[in-house]
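> Here's the letter readout for the chains.
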Amino acid sequence: MYNFEFEKPSTVADAVSALGGEDAQALGGGQTLIPTLKQRLAAPSTLVSLGGIPDMQGVCIEDDGSVAIGGATTHATVASEAAGSYPALAALAGLIGDPAVRNRGTIGGSLANNDPAACYPAGALGSGATIITNTRQIAADDFFEGLFSTALEEGEIITTVNFPVPQAASYQKFLQPASRFALVGVYLARFADGVRVAVTGASEDGVFRWSEAEEALNKEFRQDALTGLSINPANMIADLHGSKAYRAHLVSVMTKWAIEACM
Amino acid sequence: MTKVSMTVNGKTVSGDVEGRTLLSGFLRENLNLTGTHVGCDTAQCGACVVHVNGEAVKSCNMLALEADGADVGTIEGQANQDGSLNVIQQAFQDHHGLQCGFCTPGMVMSAAALLKENPRPTEVEVRKYLEGNLCRCTGYHNIVKAIMAASGQDVSSIAAE
Numbered sequence: 001m002y003n004f005e006f007e008k009p010s011t012v013a014d015a016v017s018a019l020g021g022e023d024a025q026a027l028g029g030g031q032t033l034i035p036t037l038k039q040r041l042a043a044p045s046t047l048v049s050l051g052g053i054p055d056m057q058g059v060c061i062e063d064d065g066s067v068a069i070g071g072a073t074t075h076a077t078v079a080s081e082a083a084g085s086y087p088a089l090a091a092l093a094g095l096i097g098d099p100a101v102r103n104r105g106t107i108g109g110s111l112a113n114n115d116p117a118a119c120y121p122a123g124a125l126g127s128g129a130t131i132i133t134n135t136r137q138i139a140a141d142d143f144f145e146g147l148f149s150t151a152l153e154e155g156e157i158i159t160t161v162n163f164p165v166p167q168a169a170s171y172q173k174f175l176q177p178a179s180r181f182a183l184v185g186v187y188l189a190r191f192a193d194g195v196r197v198a199v200t201g202a203s204e205d206g207v208f209r210w211s212e213a214e215e216a217l218n219k220e221f222r223q224d225a226l227t228g229l230s231i232n233p234a235n236m237i238a239d240l241h242g243s244k245a246y247r248a249h250l251v252s253v254m255t256k257w258a259i260e261a262c263m
Numbered sequence: 001m002t003k004v005s006m007t008v009n010g011k012t013v014s015g016d017v018e019g020r021t022l023l024s025g026f027l028r029e030n031l032n033l034t035g036t037h038v039g040c041d042t043a044q045c046g047a048c049v050v051h052v053n054g055e056a057v058k059s060c061n062m063l064a065l066e067a068d069g070a071d072v073g074t075i076e077g078q079a080n081q082d083g084s085l086n087v088i089q090q091a092f093q094d095h096h097g098l099q100c101g102f103c104t105p106g107m108v109m110s111a112a113a114l115l116k117e118n119p120r121p122t123e124v125e126v127r128k129y130l131e132g133n134l135c136r137c138t139g140y141h142n143i144v145k146a147i148m149a150a151s152g153q154d155v156s157s158i159a160a161e
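Residue numbers (the numbering used here), protein chains in the order written: chain A, 1 to 263; chain B, 1 to 161.
To be clear, the hints were calculated from the coordinates, so they are not data collected in a lab. Predicted, not measured: the structure shown is a model, and the values here were computed from it. Glycine residues also receive a C-beta, built at the ideal position from the N, C-alpha and C atoms. One or more hints might be untrue.
Unchecked claim - Derived DSBU-like pairs (lysine-lysine); straight-line CA-CA distance at most 35 Å: (1) Lys11(B) x Lys219(A); (2) Lys116(B) x Lys38(A); (3) Lys116(B) x Lys128(B); (4) Lys128(B) x Lys8(A); (5) Lys219(A) x Lys244(A); (6) Lys3(B) x Lys116(B); (7) Lys8(A) x Lys11(B); (8) Lys38(A) x Lys244(A); (9) Lys8(A) x Lys38(A); (10) Lys3(B) x Lys8(A); (11) Lys11(B) x Lys116(B); (12) Lys256(A) x Lys244(A); (13) Lys11(B) x Lys128(B); (14) Lys256(A) x Lys11(B); (15) Lys8(A) x Lys116(B); (16) Lys256(A) x Lys128(B); (17) Lys11(B) x Lys38(A); (18) Lys128(B) x Lys244(A); (19) Lys219(A) x Lys256(A).
As the list claims (entries may be wrong) - Counterexamples of contact, computed for chain B against chain A with all Cβ distances above 12 Å: (20) Thr21; (21) Asp41; (22) His51; (23) Cys60; (24) Met62; (25) Glu76; (26) Gly77; (27) Gln90; (28) Gln93; (29) Ser110; (30) Val124; (31) Arg136.
Use the sequences and the hints to build the structure in full.
In structure tokens form, the structure reads like this:
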């Protein structure tokens, strides 16, 4: 990889200031960014580590019952510390990568990267989370803008992600065993005011909500409600691990598994 | 170059590194601790697993400067004080948990991290924990057996399939 300067600020304000430099780039846990740098697919002049900012660490429960997770919190910490307050999300975090990757990778890094097969985008969109940055709050519905693309501005940092806790939720991940990403993953959350179904790993446009399934499940929350519904394979990802039609089919199957798990 | 300091296997060490220097590179090239192996250099194989502040991490996927001030443990620090093999290393020898040995440092470091958080894991738990450690020789059975044995469990009924 090309060389760069390295900075590790201890406050959000200092990180924002460091990211104001030309070609500066934020570094979360580095589990995607470092391999990307090794392949010379990115060449920042400065890497600004977000791992030394205490305000961006940890899981806490807010007064309204929602779960707030610091942007630099590792998957392993979410898997253990959110297990009581939001078990489905903790389970999602515990399925990412492998144990050593989970000890480094962060929720903010995953969301900011918006890999089309990553797990956290499905968890955030399926939960209707709010992504809180150093400047504003962004609803998950407005955050994900397509393949590796988000609403984040240059130099903007995810400081906290706030998750409303549903009555029931489940993440069903059909594992691509070599990469440990989702071949298809479905996050289903059932709130008092409706069901949300978010799909990752499937679409060429990245994570999306399966609104037809949500409408059907709002009328009747059972697996049979999906009968007759299908995903159009046209926009699905096709690679050596699965065709468009296979992924479209898996979306239905994973959604049914998630419904079953929420019963 | 930037100065980096950390504790490695209980000793304070320091060196001058570039921003891009990986922790695996610092350990191997600056400290000559070549027990930490670099297999794939893409964070897939787990041969480079070390402990940073007690947690297993892939040292080829972490910058040396990110470990500034950290407490790092490598395979060189695993033996008992008298130089004899620790319980995990001895179990790998007793149960033939290695063949070529390239993956073994990462396996032992992952096993140590597992047994710290889960002192008596089931076979399924051991296999799940080793998802990020690849071995191309053994077929894993004897590695799993060795880790079960190191946790003090009876492994006589676990067949080397």
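> Flag every earlier hint the structure violates by its number, smallest first.
1, 14, 20, 21, 22, 23, 24, 29
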